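Chemist: So the sequence lines, in the order shown, correspond to chains W and R.
Using numbering that gives the first Met the number 0, the letters of the first sequence map in sequence onto residues 0 to 144.
Using numbering that gives the first Met the number 0, the letters of the second sequence map in sequence onto residues 0 to 181.
Source of the hints: derived by calculation from the structure; they are not laboratory data.
All values derive from a computational prediction rather than experimental measurement.
One should not assume that every hint holds.
Taking lysine-lysine and the DSS-like style, the derived pairs with C-alpha atoms no more than 30 Å apart in a straight line are [stated by the list, open to error]:
| hint | chain 1 | residue 1 | chain 2 | residue 2 |
| --- | --- | --- | --- | --- |
| 1 | R | K13 | R | K153 |
| 2 | R | K153 | W | K103 |
| 3 | W | K103 | W | K113 |
| 4 | W | K63 | W | K113 |
| 5 | W | K103 | R | K89 |
| 6 | R | K7 | R | K89 |
| 7 | W | K103 | R | K7 |
| 8 | R | K149 | R | K7 |
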Amino acid sequence: MQTANERIGCTDDTLSAGQILTEYASGVLTLHIMGDIDHHAAAALRQGVDREIYYYRPRQVLMKLQGVDFMDSSGLGFFMGRYELCRTLGASFCLVDPPPRVMKILQLSGMDKKLSVERAYESQKKPGTAVPQNKKAAVGGGMGE
Amino acid sequence: MPKLRKKKIINQMKAEFLAVSENERLSRAVVSALTAQLDVTVEELADVRCAVSEAVTNAIVHAYRESVPRRGARATVYILITLYDDRSIKIVVRDKGCGIADLHRAMEPQFTSDDTGERSGMGFSIMQSFMDCVRVRSAPGKGTTVELRKAFSKQSAAGACASEPPLQKKDADLLCEAEEIA
């Protein structure tokens, strides 16, 4: 799997400010966010994530937060901004597996009501969200161009 | 009636650094390293880290916004951390930036003076819910001082260990056996 940072040629210095790993398959863009999300890291993350969203134009964006060590209110602003961007582009936006500390801040701000938050992502097993197999193969084959 | 004992300072640290966003991480590291001397829980330490990050981020993002060209000259954030013997902490974050004209409004949840849509306006709310007491002093052109206080739970990690039964000889023997096998 090609990572966002490999594709855009980031150095290790930019990775420390907040790392993104990207997976794309059949219209679903999965972004694994790692490290701290503070005001400083959010600037780099914003650039990286937006670039991925504009590049793939997905119909669904999943932001996996399992690897987040620290987050403050700058993270809330970061999520809000991405949510608005996805809405403008007609994509759905979902936060997946926020660690307890991140969840606490989401609940405190009431953002867990506004954004969709999923614990232990299972939607691939749900029949309702399944995508046709042929489409999956076509998009999967075109990856990494 | 018991006489109110004045709490004693057991440790204190001053830090000052330039108002650049790289230092948000640094400020968290400094404050949590000192706070950890009080033997606090992981959850309590995470609360303090987050509250400090909010206060310092506010100083960096808002206080010196209007004086960006002279950023090297005066844009400094000052932190004073004090540990007390009653297991409480006081953190003062100060800047000499533009100050806040309407403090009441600034502290409202979801109010932000930022118009990019990338800031949540939840900074003060988070400080208030993670700390016991948040006091702010500010005037336009005079900078802003934020004082954060928190008292930690009396049961320290060492105390929890003391309530456990003493180490048994059979446990110690078991450890020696394990070493021999290795």
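Chemist: For every hint, state whether the structure bears it out.
Modeler: How the hints compare with the structure:
1. Between R/K13 and R/K153 the alpha-carbon distance is near 26 Å, which keeps this suggested pair within the 30 Å criterion.
2. Under the criterion of a C-alpha separation no larger than 30 Å, the hint pairing R/K153 with W/K103 is consistent with the structure, at around 23 Å.
3. Restraint check for W/K103 and W/K113: satisfied, since their Cα atoms lie roughly 15 Å apart, inside the 30 Å limit.
4. Between W/K63 and W/K113 the alpha-carbon distance is near 17 Å, which keeps this suggested pair within the 30 Å criterion.
5. In summary, the hint linking W/K103 to R/K89 is supported, as the alpha carbons are separated by about 23 Å, within the 30 Å threshold.
6. This hinted pair checks out: R/K7 and R/K89 have alpha carbons roughly 12 Å apart, not beyond 30 Å.
7. A distance of roughly 33 Å separates the Cα atoms of W/K103 and R/K7; the hinted pair therefore is violated under the 30 Å criterion.
8. Taking the CA atoms of R/K149 and R/K7, the gap is about 15 Å. The hint holds against a cut of 30 Å.
When held up to the earlier numbered hints, the structure conflicts with hint 7 and nothing else.
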